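**Q** Go by the hints and put chain B onto chain A.
Chain by chain, the residues run as shown.
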Amino acid sequence: MSRILVALTDLGVGEAGTIDHIRLPSTDQQFLMRMGFVPGARVRFSRRAPLGDPSVYSVDGTEIALRAEAANCILVQRDCLSRSGELP
Amino acid sequence: MTVTPAQSPMAAPGRVPDDPSSDIWTVALIGPPNSGKSTLFNRLTRLRQKVGNYPGVTVEQRMGRLAGPGKEVRLIDLPGVHSLTPYSEDERVAVDVLTGRIKGVPRSNAVLLVLDANHLSRQLSLATPVVALGLPTLVLLNMADVFVKRSGSLDVLKLAAELGAPVAMVSATRGSGLDAVERFLRGDYDRRPASLLPILQDLPQWQRWANELSRRIDYQRPLPSVWTRRLDDTFLHKLWGPLIFMVVVGAVFQTVFGLGQLMSAAFQDLLTRVGQEAAPFISNGLLRSLLLDGLWKGVSSVLVFLPQILLLFFFVGVLEDSGYLARAALIADRTMRSLGLNGKAFIPLLSAYACAVPAIMATRTIENKRDRIAIILIAPFMTCSARLPIYTLLTAAFIPDRPVIGVLLGARACAMLLLYLLGFLAAIATAKLLKSSILKSAAVPFVLELPEYRRPTWQSIGLRLIDRSRVFLRQAGTVILAVSLLVWVLEHVPVHNGHSPGLEHSALAYLGHGIEPLIRPLGFNWKIGVGLLTSVVAREVIVGTLGTIYGGDPATQAMTLQNALRQDLTLAGAMALLVFFAFAMQCTSTLAVVRRETNSWRWPVIQFAYMTAIAYASAWAVNAVLSRLLR
Numbered sequence: 000m001s002r003i004l005v006a007l008t009d010l011g012v013g014e015a016g017t018i019d020h021i022r023l024p025s026t027d028q029q030f031l032m033r034m035g036f037v038p039g040a041r042v043r044f045s046r047r048a049p050l051g052d053p054s055v056y057s058v059d060g061t062e063i064a065l066r067a068e069a070a071n072c073i074l075v076q077r078d079c080l081s082r083s084g085e086l087p
Numbered sequence: 000m001t002v003t004p005a006q007s008p009m010a011a012p013g014r015v016p017d018d019p020s021s022d023i024w025t026v027a028l029i030g031p032p033n034s035g036k037s038t039l040f041n042r043l044t045r046l047r048q049k050v051g052n053y054p055g056v057t058v059e060q061r062m063g064r065l066a067g068p069g070k071e072v073r074l075i076d077l078p079g080v081h082s083l084t085p086y087s088e089d090e091r092v093a094v095d096v097l098t099g100r101i102k103g104v105p106r107s108n109a110v111l112l113v114l115d116a117n118h119l120s121r122q123l124s125l126a127t128p129v130v131a132l133g134l135p136t137l138v139l140l141n142m143a144d145v146f147v148k149r150s151g152s153l154d155v156l157k158l159a160a161e162l163g164a165p166v167a168m169v170s171a172t173r174g175s176g177l178d179a180v181e182r183f184l185r186g187d188y189d190r191r192p193a194s195l196l197p198i199l200q201d202l203p204q205w206q207r208w209a210n211e212l213s214r215r216i217d218y219q220r221p222l223p224s225v226w227t228r229r230l231d232d233t234f235l236h237k238l239w240g241p242l243i244f245m246v247v248v249g250a251v252f253q254t255v256f257g258l259g260q261l262m263s264a265a266f267q268d269l270l271t272r273v274g275q276e277a278a279p280f281i282s283n284g285l286l287r288s289l290l291l292d293g294l295w296k297g298v299s300s301v302l303v304f305l306p307q308i309l310l311l312f313f314f315v316g317v318l319e320d321s322g323y324l325a326r327a328a329l330i331a332d333r334t335m336r337s338l339g340l341n342g343k344a345f346i347p348l349l350s351a352y353a354c355a356v357p358a359i360m361a362t363r364t365i366e367n368k369r370d371r372i373a374i375i376l377i378a379p380f381m382t383c384s385a386r387l388p389i390y391t392l393l394t395a396a397f398i399p400d401r402p403v404i405g406v407l408l409g410a411r412a413c414a415m416l417l418l419y420l421l422g423f424l425a426a427i428a429t430a431k432l433l434k435s436s437i438l439k440s441a442a443v444p445f446v447l448e449l450p451e452y453r454r455p456t457w458q459s460i461g462l463r464l465i466d467r468s469r470v471f472l473r474q475a476g477t478v479i480l481a482v483s484l485l486v487w488v489l490e491h492v493p494v495h496n497g498h499s500p501g502l503e504h505s506a507l508a509y510l511g512h513g514i515e516p517l518i519r520p521l522g523f524n525w526k527i528g529v530g531l532l533t534s535v536v537a538r539e540v541i542v543g544t545l546g547t548i549y550g551g552d553p554a555t556q557a558m559t560l561q562n563a564l565r566q567d568l569t570l571a572g573a574m575a576l577l578v579f580f581a582f583a584m585q586c587t588s589t590l591a592v593v594r595r596e597t598n599s600w601r602w603p604v605i606q607f608a609y610m611t612a613i614a615y616a617s618a619w620a621v622n623a624v625l626s627r628l629l630r
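In order, the protein sequences belong to chains A and B.
Last residue of the first sequence: 87 (numbering that gives the first Met the number 0), numbering continuous.
Last residue of the second sequence: 630 (numbering that gives the first Met the number 0), numbering continuous.
Worth flagging that the hints you see were computed from the coordinates, not collected in a lab.
Just so it is clear, the structure is predicted and the values come from calculations on it, not from any experiment.
No residue lacks a Cβ here, since even glycine has one placed at the ideal position from N, Cα and C.
Incorrect hints may have been included.
Pulled from the structure, derived: some chain A residues nowhere near chain B, Cβ distances all over 10 angstroms [what the hints assert, rightly or not]:
id, residue
1, Gly13
2, Glu14
3, Asp59
4, Gln76
5, Asp78
Output of the computed footprint for chain A on chain B, the stretches with three or more beta carbons under 8 angstroms from beta carbons of chain A [unchecked claim]:
id, segment
6, 111–121
7, 231–238
8, 330–336
Bound conformation, chain A alone (with noise of 0.2 angstroms):
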């Protein structure tokens, strides 16, 4: 299995992945991780809003916007089910 990194921002609508580590200062990433971006969480970009930013995405249930900066800098490995439409 490839441990290939990509920003959440990379991701295309619909698709999902697993949260791996966020590229941020210590209390911008617990301010994240409280929202429930924490590693090992799986997140599915939802949507965007309608002027192309801020991105909706939907983690544990739950729907949460972000800017594409603090999006950016989240990296998640994409699951292998949504990219290629096979089940791993």
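**A** Then chain B, alone, in the frame of chain A:
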């Protein structure tokens, strides 16, 4: 993973920390934001609640009473928190209240922990530290009705055993399952010895622990709401989203402004009528003048804003409770960001066009304290309805009614639009200035939770309205009453032979003459000066004051106020006065609310000084330039 007996050093372990000398029990209500905690609080306490700030901080304190069995129970609604690790001011306050470290707030005897059953696996991480405090705790899994309907499931008894605290499924909106709270407060649940709970260092560990716990209690997450997805497909649609947004905003603005204005006018009539009806019952002339002309007029000049405020809060309440407000903030964020603000500032700034007072109260949805203070400081620059009387008077008196763009836009409407624009630009410039200097905040990532759409309930909206009008009437009312009294006294001293002097010889006129040298460079005379002084109470007061002054002057007695002003004021001076009112902080109610919301005199003082300075400088510039040009 370190496993330690949960014995918090703050609480005496093993017994209920009940103060035997008092029959009042203090119970804290804690839970993450959007867990329906406030709805539950309202449901439990109904109207027996009071709102204020915690001493020294801007965090809202809500206390309510419960007619408990035997004992009186005081319920404290703590701010919504994600964890007990104090990162934000809200969390610090929550922890301090729970452990009794805030002066004036009694230490809690028990805790009601509210978690959203639908997002339990995330919210469970809050349960452990709360239970670990060692206080008797009842865990309430809220929104159970939705949870069950969407085929979510869990083993409640297992969860109770794991946490070592009773757990109940409730629905705050439906009011179901709340008898559990009653039984808990009666002490019906046996207090088990605190179970072994982990003390973990960081959030990922907590989350892993919470995930494992969810598995152990057979937690089945409910299916996502189909309705929410469908509505978002429309409300966040590339094309329809912004369109609906604009329609909603336009409708709210139009109603608050149009209908609100009408309601305010009707209310004003009613208040005036009450004053007139009361007049014959007060025989003493001076007393009548004090009570009716002084106090009643002053207080009712503020009361007239109540319909608008209620209307605005009705809409904000419906939008917020239904979940649309979060979507509106999402759509507005892009535009607001280019102005250096975030999407959540949008509703308060829009409201400020009606009145800054509710706008400032509406800033509570902004979590970042510095952002919130920045919005509070710029809100009064937005052209509020109280500026309209003086704008209308001066434009009608000094600007000829010529068409500018055909019949569509006349010169007077054009002047009005310019004044609106002026206020808006001042607000934006001030925001930029503040955000790059004293209110520069470490760029906290913008995070906005989009809750599921829900049907707003009348109960929740009604309570909000009652709550806000209480705050408005009490806080703004006391200040207004005092200032009105002061102005009236200044109007009626010095007393000669038991008679008060005419306005011309009153202390107020003396003050007007006193500040005349200061305002002469702006093109104003002493009469305008008196108007500026009295309008510190509220902007529209200047029109009434000028009416009284020119009406009492034999030279201008027979003229309309417009004609009298034209005789007395140059065009340059009139324009300077308009600009002065566009910028100046002439509103005691706003200052009172700013003081209340920021919990310090510092911000209202800074705001008053800053806005007055800008008003003065620009009025001076306008007068200087125009009088040279028009010579």
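**Q** Going through the numbered hints above, which ones does this structure break? Give me the numbers in ascending order.
**A** Checked against the structure, the only hint that fails is number 3, while the rest are satisfied.
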